[in-house]
Structure formats: C-alpha cells, structure tokens
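K.L.:
Going down the list, the sequences are from chains A and B. Residue numbers for the first sequence follow this note's numbering, beginning at 1 and rising by one. Residue numbers for the second sequence follow this note's numbering, beginning at 1001 and rising by one.
Bear in mind the hints are in silico, worked out from the structure with no lab data behind them. Just so you know, not all the hints are guaranteed correct.
[Unchecked claim] Sample of chain B residues at the chain A side, in silico, Cβ under 8 Å:
no.: 1; residue: G1047
no.: 2; residue: S1353
no.: 3; residue: P1371
[To be verified] Under the rule of at most 16 Å between Cα atoms (straight-line distance), these lysine to aspartate or glutamate pairs were calculated in the EDC-like manner:
no.: 4; chain 1: B; residue 1: K1179; chain 2: B; residue 2: D1234
no.: 5; chain 1: B; residue 1: K1192; chain 2: A; residue 2: E108
no.: 6; chain 1: A; residue 1: K122; chain 2: B; residue 2: D1234
Note that CB positions come from ideal geometry on N, CA and C, so glycine has one too.
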Amino acid sequence: MGTKVNLISGRTIVQGQNLDNKLSEEYFSEVATCEMNKADMEKLGVTGGDSVKVKTSYGEVVVRAKGKEGTPEGVIFIPMGPWANAVVSGDTHGAGMPQYKGIDAEIEPTEEEVLHVKDLMKRYME
Amino acid sequence: MVEITDVVCSLCGCVCDDIVVEVEDNNVTKVKKGACSVGKSKLMGHGRIESPAIRENGSLKDCSYDDAIKKAAEILAAARRPLLYGWSSTVCEADKVGVELAEEIGAVIDNTASVCHGPSVLAIQDVGLPSCTLGEVKNRADLVIYWGANPAAAHANHMKRYSYISKGYWTAEGKKNKKLIVVDVRRTATAKMADVFLQIEQGKDYLVFSALRAMLYGYEDVVPEVVGGVSKKDLLETVRMMKEAKFGIIFFGMGVTHTGARHNNIVNAIQTTRAAHTHTKFNIMPMRGHYNVAGINQVCTWETGYPFAVDLSRGYAWYNPGEHSATDLLIRRECDVALFIASDPGAHFPGESIRHLAKIPVIQIDPFPNPTTEFADVVIPAAISGIEAEGNVYRMDNIPIRLRKLVDTEYMADEEILERILGEVRAIKEKEGE
C-alpha cells in the first residue's frame, strides 16, 4: 500500500527543449521523473534519483524521484510525456479532454528500473 | 556564412518573429538573438526520420516516398472510420489539404486543441472572449495575471516580448510600472517573479474565480475566510489590484483546462474578466501551446464551420466534442485507421488510447522520430516548417504570421505529402467506381 497523493503533469523547460528529441537521454532523464516536496520524500524514505512506483486506477509507472521546492505536500508532478500518460485518465467526461491533472495516485519506493521510452511503448503492443 | 534576420520561430504559440540566425553550408549554425532556449533548440535541430518506411513483420523497412504515400492512400481509402489528427505544428496551407482529405474519405478530423485548449474553445463558444492582441498587451497592460500557466517553462519569451517585462508605447518603463499576479498549485519559476502569488489547492480554480467574481461585483460578505487554499485577504488584494489597473490581462494555461471542471473553469474565468469590466478595461487570452494550433482552429472553422473534433462521415460537418474528439474515439475503440501529422500522440495521449492505436494501422507524417514512430505502420518524413518550408501560421492571439524557409531540403513539405496522398486516394476511389 503506497502513500496517497494528487498527481499533476505539465511542461518543463528541458522537456520543451527536447520536444523534437524524445528518444534522447536528455528527454528521458528530465521527463521520467516525479517531482515532490522534500517532506514527502522523507516520508517515503527516498532521495533524489531513487525509483518510485506511481499507481492509479489507469495504470502504473516507475519514475525517478526528484525533490522540488514549491511543490505542495501531497502533490506529485510528472512532466508531460509518456511516463505521466501511463497513469492519467482517458475519461473526458464528454468534453474531449482527458484528465491530465488531479489524478488520485499512490506512490511507493521500488527496486524496479525506470523503462526507457521504447520499452515503455512496447507495453502497449503486448 | 549568411545571416538571416526576422526569422519566425515555429515552436510555441508566441511565434517570435525577430530572431537572427547564421546559416552555413545549408545548416543553421548559430542562433544569434531573439529565440528562447526552447526555440533555439528547435532551430539548431535534432535527429531526423531518415527515410520513408513501411512496417513489415513488426519492424519498419525503408522505402521510397512514392511507396509510402501509395501505402498510406490504400490504408485511408479502405478505412471505415478514419481519424486524422494533429495539424498544430505545420502550416495552414497543409491544414487546408488535410480538411479536404478528411472530406474525401469521410474522416473525423481533430487537432491538438483537443488535449490542450479544447475546453477553452468550448467556453468561448458558450460565453465569448473579451480579448485583444499581444501588441495591445505589450503597449498597454499594467496588470498581468498568469493563471495555471508557467511561461518561464512553456512560453519562455512571453513575458519579455509581450507582457510583464516588455516595454511598449504606454509601458516604456517595462515591469517597473506593472504588477504581476500568478495563480498556481506549485510555486513555479513564474510564481517567484510575482508581486502576488496565490497558491491554490489543486482543482479549486472554479471556486477562486467565483470568489473573485463576487468581490468584483461588490459581494465581499458572501466570500468565506479561505477559498481553495487562498485567504480572503489575498483575494481582496487581488481584486483591489484588478480594479486599480488601467488595462489588465489574464493569461490562462493547462492548469485550468486539464483539471476536473475543464471548460466550466474557463467559462468562470471569462465571467471574472467580464466582472472586472464593471471597473476597468480587462482582457483574457489562452496561452496556446503549438505555434499553429490557433491556425488549425481557424482553417478547420472556415472549411467546416467548427474548430476541432469534426466528423465528416455523414457527408456534412458534424461537431460534438466528447464524442468525436480523438481521445474519445480511441477509448471507445471506434476508429479503424489513424493518420497523425505534426503531433505525437504516442507521447501525449493517455495510455488507454495508445493501447488501441497499437492495434490499428497508423500513418505518421513528421520530421522527427518519437514515441508515435514506435507503433506507426507507415512513416513519412516531412520538411520542418519554419526552417525548411514556408507557410502561414496563427499566433496565440490569432494574428497570422508567415514562416520563412531558411535552408533547402530534400524532405517533402507536409502540404505536398498530403496533396499526393489525396491524389492517390482519389485515383483509388475512381478505379473502384468504374
């Protein structure tokens, strides 16, 4: 049983710089991350760079924890991209827009590796 | 070496048009000034899709443009419920051919607004949009509000060129005589620059807009001490600043469109702007993401009557976002073929919709390999609009600007690829009709 958090996603400057370069290491190291408050990291017992598993009703994904000042307690931020989208909701509630922010999630430390983008996409083809 | 001035950036909705680059041996070798770090990264270039390709036995095999275009046309001509999606990172001339192709095959045509400012479009259709151009903001605005938007990360030149930091006719001293309010869940880089930062609880935007509306109409007494994590004191200060401004502007982003209330948030944001009109001049504008997402909304509207999520299967345009939006079609597993151009659903759609894409034929037209390439069955590389191809785009305030061509290329432009696919589709249909 993981810790309950509110998941949001969005842009970062390095994610934007690599919009046309998504198969790169730079994109991977920026986007396959999960920003959170330092207090939340301490509660989880993880430090920056450790793997964490984020689970929602829509899927689960492993990303690297990243301490970020300014993120409120109880909120985690995964930069927009394939890792965030593995766990967001596709239900548009009749408006056409999936829910990319405000997803109930659970987070826990894990020994599992973060999947590179090609391996992550392979999961959809199984 | 040649220096090219007045280069137009084809990255975000700012469409900066004062960039200076150096070109040597048919390559952009230096961005001298004007571009932000994100735009510079685009101009300097990344690895490309090297050849057209068709997937055979699970892996992509290089082929000629002719073969890839023919294969794409065969797939589209045989489709029963095709989806044509993307269109925001290419030029209006290509978008126009895209709508024609959609009409020819009775497709659903949707664009990236669907997962970006689609809710804003719905709200604008509901209550209108008291807005202006970015030029007016630059020359007049003395109060800038960013709500659920972090231009420091997503539109890095926005503040410098058009809003808080820019210097205009009546704003010659730049930020010295301006105020900045930021509303966000996180204390972002933009929030750190603000005179007032309202850190709201996630998903409580609607409540905070409602409180501001009530206060702007003089009903402070109905507002509780804390709304959505924001104190009444801070809300009153915000309202005071709004009333005292000569020209205010609210720029709003995905923080408002991506949450539970979706278009209802935007309706309330627009009504808050309207409430401010009882005191002063106030405007509101969506922070459009891709450089031509406003343009595909324009093209789609003048060609079909509707800006996004248009179903042309009936022989006339039918518009029902939530039914014909790309995500809904995919989650219902309704479409049997998808063509993606100038967008990357593999990276930006929810996993549940990608699961369906992995099962149906997918055609990708794009300059760059990306997660969509991983499951695409026909891959057609394209010239980069704004670097290798020219054409018209619409900035976030719906001002048309012409992208320039900086270097020559052997890659085909989006417009030509689509025209050739359309020609092949028509030839197949003509043959079938004989």
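K.L.:
If a hint holds in the structure, say so; if it doesn't, say that too.
P.N.:
Right, here's what the structure says about each hint:
{"no.": "1", "hint": "G1047", "result": "holds (7 Å)"}
{"no.": "2", "hint": "S1353", "result": "holds (5 Å)"}
{"no.": "3", "hint": "P1371", "result": "holds (5 Å)"}
{"no.": "4", "hint": "B:K1179 with B:D1234", "result": "holds (15 Å)"}
{"no.": "5", "hint": "B:K1192 with A:E108", "result": "violated (30 Å)"}
{"no.": "6", "hint": "A:K122 with B:D1234", "result": "violated (49 Å)"}
Violation of the numbered hints given earlier is confined to hints 5, 6; the remaining hints are satisfied by the structure.
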